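Engineer: Protein chains in written order, with our numbering: chain A, 1 to 235; chain B, 1001 to 1100; chain C, 2001 to 2539.
These are calculated hints, taken from the structure and not from any lab test.
Hints are not guaranteed to be accurate.
[Said to hold, decoys possible] Label-pair restraints from in silico Cβ distances:
#, chain 1, residue 1, chain 2, residue 2, range
1, A, Lys24, C, Ala2016, 21 to 29 angstroms
2, C, Pro2060, A, Gln155, 53 to 61 angstroms
3, A, Gly130, C, Leu2024, 45 to 53 angstroms
4, C, Thr2040, B, Ser1083, 39 to 47 angstroms
5, A, Gly130, C, Asn2153, 34 to 42 angstroms
6, B, Gly1093, C, Thr2040, 24 to 32 angstroms
7, A, Asp31, C, Tyr2340, 41 to 49 angstroms
8, C, Arg2451, B, Gly1093, 24 to 32 angstroms
9, C, Leu2446, A, His149, 47 to 55 angstroms
10, C, Thr2040, A, Lys24, 33 to 41 angstroms
[Unchecked claim] Short derived list, chain B residues pointing at chain A, Cβ under 7 angstroms:
#, residue
11, Tyr1012
12, Leu1025
13, Ala1030
14, Met1042
15, Ala1046
16, Lys1049
17, Ala1050
18, Phe1057
19, Thr1067
20, Trp1068
21, Val1070
22, Gly1074
23, Leu1078
24, Met1081
25, Ser1087
26, Ser1091
As the structure is a computational prediction, the values presented were derived from the model and not from experiment.
Glycine residues also receive a C-beta, built at the ideal position from the N, C-alpha and C atoms.
Listed below are the residues making up each chain.
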Amino acid sequence: MPDGHAHAAPLDAHGHPHEPAHPKLQHHFDDMGQRAEASTLGMWVFLVTEILFFGGLFMCYLVYRWKSPSGFQEASFELNRVWGATNTAVLIISSLTMALAVRAAQTSAKRGTQVFFLGLTMFFGLVFLGIKAIEYTDKFVHHHVPGPHFHWDGQYPKPAEQFYSLYFAMTGLHAVHMIVGVGIMAVITWMAWRETFDEDYYTPVEVAGLYWHFVDIVWIFLFPLLYLIGGHFKG
Amino acid sequence: MTEHHIAPRGMYYVVFLALIIGTGLTVAAAEVDLGALNNVLMLAIACAKALLVILFFMHLRWGTRLTWVVVGSGFFWLLIMFSLTMSDYMSRGWVEGTLR
Amino acid sequence: MDTITTAPTLNYLNSAHGLASWLLTRDHKRIALLYLVSVTAFFAIGGFFAMMIRLELVTPAADFVQPDTYNKLFTMHGVIMVFFFLIPSIPAVLGNFMLPIMVGAKDLAFPRINLLSWYIYVLGGLFTLTAAVTGGVDTGWTFYAPYSTASSNSHVIMAGVGVFITGFSSILTGLNFIVTVHRMRAPGLTWFRLPLFVWSHYATSLIMILGTPVIAITVLLVAVERGLHLGIFDPALGGDPILFQHLFWFYSHPAVYIMILPAMGVTSEIVQAFARKNIFGYAFVAFSSLAIAIIGFLVWGHHLFVSGQSTYAGLIFSILSFLVAIPSAVKVFNWTATIYKGAVSWDSPMLYAFGFVGLFTIGGLTGLFLASMGLDVHVHDTYFIIAHFHYVMVGGAIMGYLGGLHYWWPKITGRMYPEGWAKFAALTVFVGFNLTFFPQFIVGYLGMPRRYAMYAPEFQVYNVMSSAGASILAVGYVIPLIYFIWSLKYAPLAGKDPWGAKGLEWEIPSPPPTENFAVTPIVTERTHQYAPSREVGIA
Ligand code: HEM
Ligand SMILES: [Cu+2]
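With the hints as constraints, model all of the structure from the sequences given.
Structural biologist: Printed below as a string of structure tokens:
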């Protein structure tokens, strides 16, 4: 425990000495353990709502793909699998650096180490968003954005437009989550820079990490369902 | 305070490697026409990857039973939504001479 | 009741002053009051739309308002009453106030998120109100596609975004409750010692967590489809409107249990306190809440019997819908058994609880009629449906809310209210309610469709009865509003336990201090353990 946290044990109402309260303990919690457990449980519960939030979109995907499997294959074939795979790898790397950042906080690593891993996580998040931007631009250029200007040369223009509706809805919602994630990481990095985290108190990094990994998991499903179903499409 | 597990750094690298290999496998498998098996394989690999992230990166492996229940219920409810909705779509037209 | 003359000491109401101390508070009790004020405001607005609807329906012709306006009236009525009044009412007001106290905690697990959820609620409300005053929405509260995505030229996006935003307030409340119940219980307060009010709120929170995100994404997709022409639900764009209905009801059927479960929790508390008996079959009542929450997710297809859903799916949903009636009935039986041979006192909260049990039973039983596919083909989209769900939502949920408000008002404000007036109001509500909605069962069964400004002349007598009842009902709601406000200043002080009821909330001063408990309580038994007195058994 770093020196700054040591206090002389004060006496409680009954005159017994008791453990000093951690400076970051909010009044309504009994101890830091209860606080940490409440926060991580809260985040897990929040992630369950996220599962069902994205779940509604996956439901739409399931129904429409079930209705027009060939149309979806044809449409998927037009997506750039190299960019998709690259982005998958980028997100996996960022998940690794995130996990290492949590570990750095857990082990009271130097602030430089913590900031390094958090910064890398943020960086890869931004790379992901950059690649996404390139892909979106490409879709605009080729009139693959649903709406009045949508244009499709293949056999299944209607299902293709639907596929791209879902593509933009799903990856768009995912990208919004990435942007929020990068924002959260910025705050966490700043806190790490101020030497907030050590083995006694690292809940914010841990909780932010849970969110980050979740967004990665969504992509783990989006990538094959959107990019890879047309891999062996023969037109 | 419950002890939080601190995993060895090596574990994270191993999991990372497995995730990258999994990604490579899906991409490769998608190039081959396996019929309906393509979907099964693709989803199986995706589920395995997601499981790795949840268990190790998100530390569920060392989580409380309550956390397991919370995560499980999320996926279970998703399954309820998928299966009951699809039960409608897949049984359309079973009554002869109608679309229902 | 003893008369208490000592001035209240430092409590959550007088510990800080000024507007900022309210708008920036993190005290669950103050946040509950913020919700109380805003929820009441929305109830008044929703009630205004209801009165307009009933006025129009006094005569068969569309003479008071045009059909277009009428469509907007019932839509705004439904949206506001469902999303901005019924869903937050009991959980966010009474639950917010009582749940932390009942588990022996100083606050909810995340006080700041609790405040945030109120702001989100207000923001969502502002969006919806803006939609209302700038021209209204006419899709019905159900926002069915493709009407909502393509045909309607009213403010669907604005209202949809309002509903989307408010959804997150409900998610955050549910999250807070769940974590609080798991992590903040006082020493000795095991799961099977939790008050039934807490059980029912736990079950409610599960629905909020698991269902609300789906409605959020669904209305978001409607808004996106309207705004950006993505083809999701519109058949013209290749979409499937029935999929919208699946997604909508995946949340919205469970959502009716968000409204009724908390009222069931209130009723369980009141019945025990005023029959002076511990609940009959505690475990059954507790688990039936969970059963309702879970089975409630398996029945949504009963709203799609005539929408083009497959016959076989309809069959499955019909059978599953019958199942959900079992845990509901278990509760009714257990309340009745609790009252049986109890030392029943007829105070106003108990009147509301009686009203709840009776009216909910009628609403639930007619739900079973509707769950039978063949019958539903006949009564779907008629006033029979309107009567059914108003029996559960108004006769059930609002009765529970009012009962809870009366029961805990002394705790919340430290003051009593005029009991004579309260009894009179409870009676007025009961009579007005039945006069409003019972004729709708008949006229619906005779074939009067819902959502039209005009109707066949032979239905007029039922509609006049209904409109007359609505005015009585309105009076019944205004009376408590007046005496509650009056009581804040003039009513006698309540003391910590005016009802002689048991429970952690009755062991602390009224109004409670900011920290609720001076010392964390240690719980050794279930609440509502009343000493067997001589009256019991002969009452
Ligand atoms: C015993 C359990 C219940 C059963 C079996 C049941 C069954 C049904 C059925 C089958 C319908 C669809 C009728 C149609 O549209 O043709 C329906 C409509 C409705 N029910 Fe229930 N119900 C039950 C309890 C409740 C409760 C507790 C509430 C509210 C607190 C509620 C609120 C509603 C609402 C709002 C509608 C109409 C929705 C609309 O179309 O606008 N129900 N119910
Ligand atoms: Cu329903």
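Engineer: Taking the hints in turn, state whether each one holds.
Structural biologist: Hint-by-hint comparison with the structure:
1. Lys24/A <-> Ala2016/C: 21 to 29 angstroms: holds (23 angstroms)
2. Pro2060/C <-> Gln155/A: 53 to 61 angstroms: Check passed, 54 angstroms falls within 53 to 61 angstroms.
3. Gly130/A <-> Leu2024/C: 45 to 53 angstroms: violated (39 angstroms)
4. Thr2040/C <-> Ser1083/B: 39 to 47 angstroms: holds (41 angstroms)
5. Gly130/A <-> Asn2153/C: 34 to 42 angstroms: holds (39 angstroms)
6. Gly1093/B <-> Thr2040/C: 24 to 32 angstroms: violated (50 angstroms)
7. Asp31/A <-> Tyr2340/C: 41 to 49 angstroms: For Tyr2340/C against Asp31/A, whose Cβ atoms are near 46 angstroms apart, the range 41 to 49 angstroms holds.
8. Arg2451/C <-> Gly1093/B: 24 to 32 angstroms: Holds - the Cβ-Cβ distance for Arg2451/C and Gly1093/B, about 30 angstroms, lies within 24 to 32 angstroms.
9. Leu2446/C <-> His149/A: 47 to 55 angstroms: holds (52 angstroms)
10. Thr2040/C <-> Lys24/A: 33 to 41 angstroms: With a Cβ separation near 38 angstroms, Thr2040/C and Lys24/A satisfy 33 to 41 angstroms, so the hint holds.
11. Tyr1012: holds (5 angstroms)
12. Leu1025: This interface hint is violated because 11 angstroms lies over the 7 angstroms limit.
13. Ala1030: Because about 3 angstroms separates Ala1030/B from the closest Cβ in chain A, which is inside the 7 angstroms limit, the hint holds.
14. Met1042: holds (4 angstroms)
15. Ala1046: holds (5 angstroms)
16. Lys1049: holds (5 angstroms)
17. Ala1050: Status holds, d = 5 angstroms.
18. Phe1057: Holds - the Cβ of Phe1057/B comes within 7 angstroms of chain A, reaching about 5 angstroms at its closest.
19. Thr1067: Hint holds; Thr1067/B Cβ to chain A Cβ min 6 angstroms, cut 7 angstroms.
20. Trp1068: violated (10 angstroms)
21. Val1070: Holds: closest Cβ of chain A sits about 5 angstroms from Val1070/B, inside 7 angstroms.
22. Gly1074: holds (4 angstroms)
23. Leu1078: Hint on Leu1078/B: holds, closest Cβ of chain A at ~5 angstroms, below 7 angstroms.
24. Met1081: holds (6 angstroms)
25. Ser1087: Nearest chain A Cβ about 12 angstroms off; hint violated.
26. Ser1091: violated (13 angstroms)
Consistency note: the structure conflicts with the earlier hints numbered 3, 6, 12, 20, 25 and 26.
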